[in-house]
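S.K.: With the sequences and hints as input, model every part of the structure.
Chains S and B, in that order, are what the protein sequence lines are.
Quick note: the first sequence uses the numbering used here, first residue 1, plus one each step.
Quick note: the second sequence uses the numbering used here, first residue 1001, plus one each step.
Careful, some of the hints might be misleading.
To be verified - Derived pair list, reagent style BS3-like, types lysine-lysine, alpha-carbon separation capped at 27 Å:
1) S:Lys-682 to B:Lys-1157
2) S:Lys-279 to S:Lys-682
3) S:Lys-416 to B:Lys-1410
4) S:Lys-682 to B:Lys-1123
Hint data in this document are derived by calculation from the structure and do not stem from the laboratory.
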Amino acid sequence: MKNIDAVGHVRGESIYVDDIPVRVGTLFALAYCSSSAHARINRVDYSKAEEAEGIHRIITHKDIPGENQIGGIILDEPLLAVDEIHFWGQPIAIILAESEYLARQARKLIEIDVEELHVITNPREARKQNKLIHPPRTFSIGDVDNTFNKCAHIFEGRADSNGQEHLYIETQGAYAYPGENDKLFIVSSTQGPTAVQRTAARVLSVPMHQIEVDVTRLGGGFGGKEDQATSFAVMVALASKITKRPVKYVVHRMDDMKMTGKRHPYSSDYKIGLSEDYKILAYEATFHQNAGAAADLSPAVLERTLFHATNAYFIPNVKVTAYSCKTNLPPNTAFRGFGGPQGMFVIESAIQHAARSLGVKKRTIQHINLLDNGNEFPYGQVVDQCQAKTSWNESNEKFNIEKLEFGVLKFNAENKLYKKGIACMPICFGISFTNTMMNNARALVHVYQDGSVGISTGGVEMGQGLNTKMVQVTAEAFNISAKRVKIETTNTTRIANTSPSAASATSDLNGKALQKAIRSIMTRLLLVARQELGVEYHQLDFKNEHIFIDGEKSDLHWEQLISIAHQQRVNLSEHAHYATPIIHFDKSKEKGHPFAYHVYGNSITTVTVDCLRGIYEIDDVKIVHDFGKSMNMDVDLGQIEGGLVQGIGWMTMEELAYGDDGRLLSNALSTYKIPDIYSVPKTIDVKPLKTDGHDLAILKSKAVGEPPLMYGIGAYFAIQNAVLAFNPNANLVFDAPFTPEKVLLALYGE
Amino acid sequence: MIEFILNDNTVKTDERSGQTLLDFIRYQRRLIGTKIGCREGDCGACTILIGELVESGIQYKSATSCITPLGNVAGKHVVTVEGINMDVLTPYQQAMVDASGTQCGMCTVGFVMSLAGLCLTRKSIQYSDVISAIDGNICRCTGYKSIERAAYILYEKLQNKPSGSIIPWLVNNEYIPAYFLSMDERLRALHKFIRSEGDTFIGGGTDLLVQKHDEIFTSDINLISDNSELVGISIEDNIIEIGAATNTTMLLDSPILNQVFPKLREHLLLVSSTPIRNIATVGGNFINASPIGDLTVFFIALNTTIELAAQNDTSREILLKDLYLDYKKLDMHDGEHMKKLRFQIPDKPILFNFEKVSKRRYLDIATVNTAACFKIDEEECIVDVHISAGGVGPVPMYLNETCQFLIRKKVTHQNMKTALETAQKEISPISDVRGSAQYKRLLLNQLLRAHFFTLFPDLVAINSSI
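M.R.: Next up, the structure:
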């Protein structure tokens, strides 16, 4: 089934926040932000701006009726700065004008007097000064200290990975308007409608039921709208509440890039110990997460770094510690992979370090240490239905890794100015919110009297194909045509207390809730059919829109059945709740069974480096991926290709740059480059691993959103291998992204 | 009053000509299919088509509406996605659906319009043309592979396209709606726009509408990109003359230039993207004075002169390399504007090369760019040489001392080495978001080597020089 939104998309008829018809009297909001990263505010003078043409009013923290607080996990972030500024781009006031243009002109007239304070952009400096978001956390298993004494080989080093701008093509935005009796309606481009509702209620000092949040779709999210959409939605809510006017704010790209947090940069230290025969016996790592100026989702991201610190490998003795370091960058946030990629980059660097030093292939060490059933993760979960070795073996056999490696060697022997590199990147990614309580969802199903079906879930469509999958689940569960099914917007009055669409788990959670609701309705319908046809319940079945009796198709079809049920006053609606079974995690012990299941796979990346110019091309990426039993290969393949390319972008050309003063230098698409059509791998070959799928995955189709991003890490090591083929004396530096600058300096460095 | 045709409707508006076309179509006309991504021409979400009367009919090209001044579409046909939508999907829309080329949908219309623009071109189409038609469109979801599959479906379909007059064929095959058939006639009947005589000269607007968006909106602007005196490429007595308002696509497609520079296409594809090349002018690139202007660097190495016209109709000529005094400071007087550039075709065999490295190979601003043009005699002695370099100083540089050194030298490895050392002495790169000074020095060194390796493969032994 093709994406149900595709036709609307290609005709330009799909609706995003900025496409909603503007109501009469709408005011346009614009945030006035700090131009310092850390400062004390002495005085802000709004007088000239307030008198400017078309300015309705300017809202500051003094106008907030409730709490000036938008923190999600930790209450540490004001909506509008009070007397201190903690990052460049922090909102200080909201300008409300008759047009966006006039708001922009007025913004230039605001004058601020600040006392600059010391700016920290480096997480290691923050740690030294004990500026932490929360106390460090450690996951451990076995006995690292004693084991290192027994290791034949020990390697220590440092691995850094930079942040990543989400660059959703639709920028942040929201539109709020008042209803009767103090009700407020917010349309938001958010992955977390409930976060918007809860936070708006807190800031406005109203009960949550006064706030209705509605989301049609997002023009891309990637984690950037899980928590960070909230501030913009709350700004318009606040402004609308105060002015009793509709208020719209669609953020300009440069403001969006400046104001919002990104993937966390990490600076990490590793120590890896191997036996004589390359078994990894011990692994120790310290992660310094650059959290930015407030917690946002950093504690949860940090946790996932620890969960994925050993990637797809079994290591019996592990001690990994993570510091969430408070700096003066915008609060960093969720981004596809959610800390997992950062953790994996470090272990892969450690293995590369060991392999180069020992003169063995990296893949030899990778292979020897792959996970297997019965192994225990450092967090206590025991590996089950493991596909690490199967996907590794299948990829290396199907794609003939030895032949690929030989091709690279041959090319390198024949070419002076161009060198190729190749690298394997196995992945193992846990599916579930690591915060167990979030693993629940609800769905609302209405069967209308004409047989058409309307469904609502708590999931948000952001291009990942969720709505398509939900329609598929519905059609499959009812056994009716998908044409009868309409999916509604995501709305907090229909589905309350939602978890954000995140953690790759949205289809699983919401799909399972849908199945439960549909099973209830279907049971009632079969009871109607039993009475109507005068047969026993167990004789009945419903398939292809018809009632079957003892396997024989009857004349009673869907529309008739619904009509009869309606006549008989049978409930044709259902609201169902699903909570993932089995999972649990005890933070006091850092042990448990946090994941419903894991997703596995392996990728083989080949690159060519132009050693004269220091530029490179990704030749191809070959992947064997564990989809479980994919319920929609069109959608899932799109996730693999898109995730991979995003991961390659993070590892290669996407370079966030902040000045020492905390100002974002890569603040536009002209200075922050994401992959274009020419820079992606020339071929991406994805082969599904044949498995039975997992019962906790929707229709046994495993979560697919985040895992493929980490295949992109292979690009870093493939480029590094090519560089080393040209300059064997190049420093073995692990500092992503591997930009053309770093490549050229490595090619010609000592 | 600006008159143009927007899809099937004639528009007459008193809106300011410096307003962006994007704001006009989205917010004045509520054609919301055209999306906003970056407002600087770097994502292509706002791509539309502009159809213009030429001798042989209407020529359509894609353009980013976010940096197109409204005044630049006067007398033209502007096509948004609403203007190509029919009851059935067009083949390029259908291909995007069938290949799952759309996920979140926010970039999709831009791709669709770029593909529509490709279908409306008259030339025969290779697969690489389909890809280059969408080289200005950024997608963050798909990783482009599904879009490539859609491109391939379209490529196969377009092999049936006739040459010559294609609009009837496109209409018959439901690529475009039937109203396109009468557009030629309707455009001819449009009232011609009378341009203002403001001080701010704007060509395509691809830089000014990014850097000075709000100022241009309220300024009295002078739009030059449709001034026929300033557009065109001609050749006479071995001298090529190019009007200041000639856009980059015209350079790329020019038979004259392609004959002189066999690698022109390869070189100019490194310059921005299709929808930007379609509107960005060579004069704009020069006068914008970016230290890394690609066309500037390209033409400095051809020892190009430019003609500057004053308001009193007098004009003067200076060498392009002498135009730049300091960062964004030009040897231009108030009221002067650039009319044309001129350069002499180098003697055969033409030894010209252009190099550019940026963080992303295409659709990016150069970290360092350089061009070189050599003339050697029968003894392989350099009798004339011009080398330019961008990104290594406050202005687009002419490597004067390096050239001086090379004159009357033989092309040898040792002379190349000395030339590279000389170049290092005359550049002064700074560290910025595009790279560190150290990197830019090394990179220029490598790109100068690339000139030698490319132009004199037999003379410079690659082995000895790495």
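S.K.: Run every hint past the structure and note whether it holds.
M.R.: Going through the hints against the structure:
no. : hint                    : verdict
1   : S:Lys-682 to B:Lys-1157 : 23 Å, holds
2   : S:Lys-279 to S:Lys-682  : 35 Å, violated
3   : S:Lys-416 to B:Lys-1410 : 25 Å, holds
4   : S:Lys-682 to B:Lys-1123 : 26 Å, holds
When the structure is compared with the earlier hints, a violation turns up for hint 2 alone.
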